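Here's the letter readout for the chains.
Protein chains: 2
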Amino acid sequence: MSDTAQANASITAFGPARATVAGAPLSPEQLRQTHAFWRACNYLALGMIYLQDNPLLREPLKPEQIKNRLLGHWGASPALSFAYTHLNRAIRQYDLDAIFLAGPGHGAPGVLGPVYLEGSYSEIYPDKSLDEEGLLAFFKQFSFPGGIGSHCTPETPGSIHEGGELGYVLSHACGAAFDNPGLIVAAVVGDGEAETGPLATSWHINKYLNPARDGAVLPILNLNGYKINNPTLLARIGHAELEKLFEGYGWRPYFVEGSDPDTMHQAMAATLDRCVEDIRAIRATARAGGPVQRPRWPMIVLRSPKGWTAPGEIDGHKVEGFWRAHQVPIADVKKNPAHLKLLEDWMRSYQPEELFDADGAPVPELRAYAPTGNRRMGINPHANGGLLRKALRMPDFRDYAQAVERPGRIEAENTRPLGVFLRDIMQANMRNFRVFGPDENTSNKLNAVYETARKFWIAEYFPEDADGTEMDPEGRVMEMLSEHTLEGMLEGYLLTGRHGFFSTYEAFVHVIDSMFNQHAKWLSICNHLSWRAGIASLNLLITSTVWRQDHNGFTHQDPGFLDVVVNKSAQVTRIYLPPDVNCLLSVTDHCLRSENYVNVIVCDKQNHLQYLDMERAIVHCTKGIGLWDWASNDQGVEPDVVIASAGDIPTKEALAAVAMLRAEFPDLKLRFVNVVDLFKLQPDTEHPHGLSDRDFDSLFTVDKPIIFNFHGYPWLIHRLAYRRTNHKNLHVRGYKEKGNINTPLELAINNQIDRFSLAIDVIDRVPRLHVAGAHAKEKFKNRQLACRHYAYAHGTDLPEVADWRWEG
Amino acid sequence: MSDTAQANASITAFGPARATVAGAPLSPEQLRQTHAFWRACNYLALGMIYLQDNPLLREPLKPEQIKNRLLGHWGASPALSFAYTHLNRAIRQYDLDAIFLAGPGHGAPGVLGPVYLEGSYSEIYPDKSLDEEGLLAFFKQFSFPGGIGSHCTPETPGSIHEGGELGYVLSHACGAAFDNPGLIVAAVVGDGEAETGPLATSWHINKYLNPARDGAVLPILNLNGYKINNPTLLARIGHAELEKLFEGYGWRPYFVEGSDPDTMHQAMAATLDRCVEDIRAIRATARAGGPVQRPRWPMIVLRSPKGWTAPGEIDGHKVEGFWRAHQVPIADVKKNPAHLKLLEDWMRSYQPEELFDADGAPVPELRAYAPTGNRRMGINPHANGGLLRKALRMPDFRDYAQAVERPGRIEAENTRPLGVFLRDIMQANMRNFRVFGPDENTSNKLNAVYETARKFWIAEYFPEDADGTEMDPEGRVMEMLSEHTLEGMLEGYLLTGRHGFFSTYEAFVHVIDSMFNQHAKWLSICNHLSWRAGIASLNLLITSTVWRQDHNGFTHQDPGFLDVVVNKSAQVTRIYLPPDVNCLLSVTDHCLRSENYVNVIVCDKQNHLQYLDMERAIVHCTKGIGLWDWASNDQGVEPDVVIASAGDIPTKEALAAVAMLRAEFPDLKLRFVNVVDLFKLQPDTEHPHGLSDRDFDSLFTVDKPIIFNFHGYPWLIHRLAYRRTNHKNLHVRGYKEKGNINTPLELAINNQIDRFSLAIDVIDRVPRLHVAGAHAKEKFKNRQLACRHYAYAHGTDLPEVADWRWEG
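Heads up: the protein sequence lines correspond to chains B and U, in order.
Each residue of the first sequence is one higher than the last, beginning at 1 in our numbering.
Each residue of the second sequence is one higher than the last, beginning at 1 in our numbering.
Since the hints were derived computationally from the structure, they do not count as laboratory data.
Keep in mind it's a predicted model, so treat the numbers as computed, not measured.
Just so you know, not all the hints are guaranteed correct.
Note: identical chains are not told apart, hence a pair may lie in one copy or across any two.
Straight-line C-alpha distance at most 20 Å; calculated DMTMM-like pairs for lysine to aspartate or glutamate [claimed, not checked]:
hint : residue 1 : residue 2
1    : LYS207    : GLU243
2    : LYS736    : ASP684
3    : LYS728    : ASP693
4    : LYS623    : ASP697
5    : LYS140    : GLU123
With the sequences and hints as input, model every part of the structure.
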């Protein structure tokens, strides 16, 4: 053991060393270099947390050189940089194409250090140069106002995974590995995050990787033992249980356990060599041409002390290897001279004078330890996926048009032609496009896509699978009953420069509210980073919507995801509610060509009236909002009332209301407005898609009643439009949590989005109908009641109402 | 094998039978009875799905006797009723106190059948009586408008778990078992839902149950092999992997695999006997007085065909044991006579004539097979927890008051006294109160609670744990880094009649958006069921809030959970934003005494100014909204402007703005309004807490500018208040996604909730200040800039601003 290692070992104390793979592959020189690189990483991590001056400790440390506000987390950092260090050696040794995902929260110091040492950081941020001045700037910016955060935020070179919210590192890694046959995605999993649900189920990603076609994910579970104040579950179960758990999940776990640096370096090197060999063997087997089988991919369990190499004890409290090492291990160094000395000794134990030259640059040996060029994990283009992104080859969406001769006469399943469109997009992009959905692509009528790419399946097959299960180890449609895992895979796929499409049930898209929030935040930050190349938008089709969940019941009725979406930055959020097949095709074409957005498309899968032929649909969707003249009769005059709609079912009911009103009141002047692009309702000062007040006023008038029939919760429309001139006359109908087991019409009636309620709304709000409309109002009420009675008697809707067609 | 069993066995074909536990404990007579009960369940399930007449098949089945709209799901039902049937025998044999949770989606037919047979259903719904007329009503209502759903909705006797959204059955079961030492909670887990993240991590509940003090959860994983159109992951991995997985999770798995009913009955009976014996042995050991250790609880893996006992094949397609059995296996029976015949044969294969007597009542043998009285799982009071609920013994919250001599002069951590209050509540309710939080109760300053009840921990201990880890196998504070699992445990605990308190980080409460939605929906439905006794409210403290996440960065800044909450029924949702310690105590006291709500309390954990002494706090919180006269100077006159706030930091900044404005413009008449109960802003027609328009107008005026400083996204206030007279003058500031690494004040400035922005808002909106205020406006802007510069230079806020006190 080198003196340095001994020096550090003296302040580490951790359980018995244990490693599954025997051997000491590092020569003494390699061991010294490896440890030097890691020492440098640890020094940098401490520098980031503590120093605002004297970055190389060229003079004794003084209180004023300590940052005023100590932020950041030491706990996870040493093990992260330990893994990064060893990957550097393996990359050089085997010429690996690898990227690094840091799952543990607040792990940035453990990643930024090696990224700086390898030179990636300075290439992207030249003011953080490889010299004393640059080093100081690098230290100061960390967790500092106007600087960078303590997670692996978008500002971190080489990062596609922030880790700010826990649980997604393996699904992100898996998405990154798809269709990247040469790539190894090293994914460090924290034992804290391993307790989250999304992480727990994402160990199953090994059932979603095809070793012939996809890259490898190499999970490195870091059992450092502690969260903020608690031990972690996985660190406190026996070795046998832990091993069984991961074997049960289908992995081949290799254990690297201990605290003595030299022993651990040898064990980690031997294990990493074994993992690379395993991956190569798996690839060779899978790529030899035989049938592809599910391999047992290697993974590493790295059990190392939390805050590894920190002082073992401070003021009588255990620090290294305990939760007290989680954040800033010595907090009061500015005021406590003894603690300042302790910190200085600790930092000097890494021997910075050996690691940095006279200019403050890392010594050549350290630079040489890292890979070069794009092999450096901080600069690998896969982690700045926009650089590698190729535009999708898109067939002409017009070719999939639904023939619509006259509006509102025929019905079609809105999503079915989209499935055909997706099939052909898939066909033209068989290496950089995938479709995602939790067991629902058939249910969602998108199954035509299986004609070119089936569901991915690499576990066991049964004979009956031949009958319609549509599974294939070459499949490109990813289905798992975990919205979390699919969303994570898709994000990883997009962040590494590819394209995708995700469809899911409306009520249960709330399961990934938080993931949407985090991805939107990531995109917002990327908009300010010129070096981050644009990535494909995240396209989310929300189908099986609330208005067709009358039979699945109350739990399946929740259109509130849109309320979550509108809270995020207008720069990255788009919401579309295409009312029919052609609008859905037009909108989807637009979304698949866009970049850096989250596009949310709401469109039900069942039979719906068709309104617009393709030409009209394109015009309508391009404008995003428009007056439907064929449903309006206000030509040349101000209308008495504006009837507006957004969404398929609300549009149908609104049109039916128009028809009823026109039959009753032929001289009533009605204007019909349909909204596809929901953000049109916001002022243009709030959202780039927003209408100007002038355009809004000209569509919605400045003083006439507006009856707005909305797909979602009605208050959302008020929230978007509250600043508009005519807001006081805006009356919105939408879902109000009034559902159980109903017929479709009864569900509409309960929430007052049905034709009768709307027609009555108009009578109530147009002054000249208050008296003249009394009779009609009574009639509408009776018809509504009759519909309800029919539903209760027959279990279905009155056919003449359910099958209503626009006759205008 | 009986003839009947043989008849059914002929249409089942499934892999080799296998059972971990050998033996055939059922006598021939018991076997016959067991099978008869299960046959009756299966018959009832089909009747629910198909029949609207001829419920006992007393005549040949005719098309008009088939429901017009076939809804419901057969696939999961037979295995659910199989488990229920066997539990019935075990309950009788061992006099067990057990409840039944059905995890698989759309499993209601498999539960409603046995609940009807045991008589529970008819006791609760007398019109669904145990005769032909009642049976028909029971069939007709299923998945029928005005009837009941296909999940185990609140209408289902004995259910505390709907299963409408998947993934929570084990965490619900665990919560039900807490502090119920005699209870066994049987929890059937679907292999579809087993793919979800929340379910995957919830297998770790065995590390949260104390066998001496808590009941047992008996998971029954039903591997029926399929989801809607896909195989399931866990059904397609080898036996060894599966066994390791569950052993790795810490269970003792017993396998029951096959399809032949008689063999399976014997295997299931033997296995269930073993499980009961295991549970008894675990209890005996744990309750003998020695140290409590984590046992290996038993679980059952029940591998049975999907849609078990359905026809093996229909029209050349495999049905039983395949995904085609998922929903309605034969859909066109009304129009296809051959299929009608097939259905009739299938239903008759259960031999209904043996199962129901002349009146249509289940034969006495079936009634005798079920347990009696409260031992019936459909009527067990634990599953109607309000019946067992005891009011919390509450110390007087006034005793925990923060002394506040004058408003806004001192700072205190808002949550710390709450921790002391919770400590004493815990002390007085050591068997029916628990505190939940994902590793954050110390971080959230609630750690006083550990003085009476520490964190629950039953895994391994290390010597260093003695130093501040606060763990104990007798602990009553539940901590796991899974918001899903904790929320599920808490829901299960409340639904079985106990009380709890959950605190979590604001940004990551979005992780459980969907669980909140579902629990709110459950409560809404319960409000319409007179037989469901009221349960304690779900009390959720959101702390570590957006305005103190300046250092954790953008990912940790998301106050949008409230936008999700307001979409749910006004009958069950409450939101409070107490601005200081005493208000937080008063609000929490109220919430803990309430029932049938979700109470969301937003209050940060860090040091904040204190405004109200306890007496004033009580008055203020009871009103929910109020004018703070000490901060207003509009006594006797109309104000020039109303400044309003909701939330701790927004209140401080708003008050600082008032102070600045009063110093500049002594004759400006300001009114200060603080909102604690957010729903006060909605009209009383929309929410029971809503202010009348008259009261609202008198607080906010009908025409003066209102500057509202809000904790969350600003649009939420518009959404609540858009109908108010003075809405056009309502100007709201809140979080607008403008954050990164900042100081607290800089974060406020970026989002314009800071004192300077607010003061400028007032100048801009009060006409007589447009000119007179120009100089002050310039001054405020410069001060704001100076604050920002200071932050960038020092990494902290300008002390005189950060440490500002109210001097009024």
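Okay, the hints, checked on the actual structure:
no.	hint	in the structure
1	LYS207 - GLU243	both (19 Å within a copy, 17 Å between copies)
2	LYS736 - ASP684	between (29 Å within a copy, 16 Å between copies)
3	LYS728 - ASP693	both (15 Å within a copy, 16 Å between copies)
4	LYS623 - ASP697	within (16 Å within a copy, 40 Å between copies)
5	LYS140 - GLU123	within (18 Å within a copy, 71 Å between copies)
Violation of the numbered hints given earlier is absent; every hint is satisfied by the structure.
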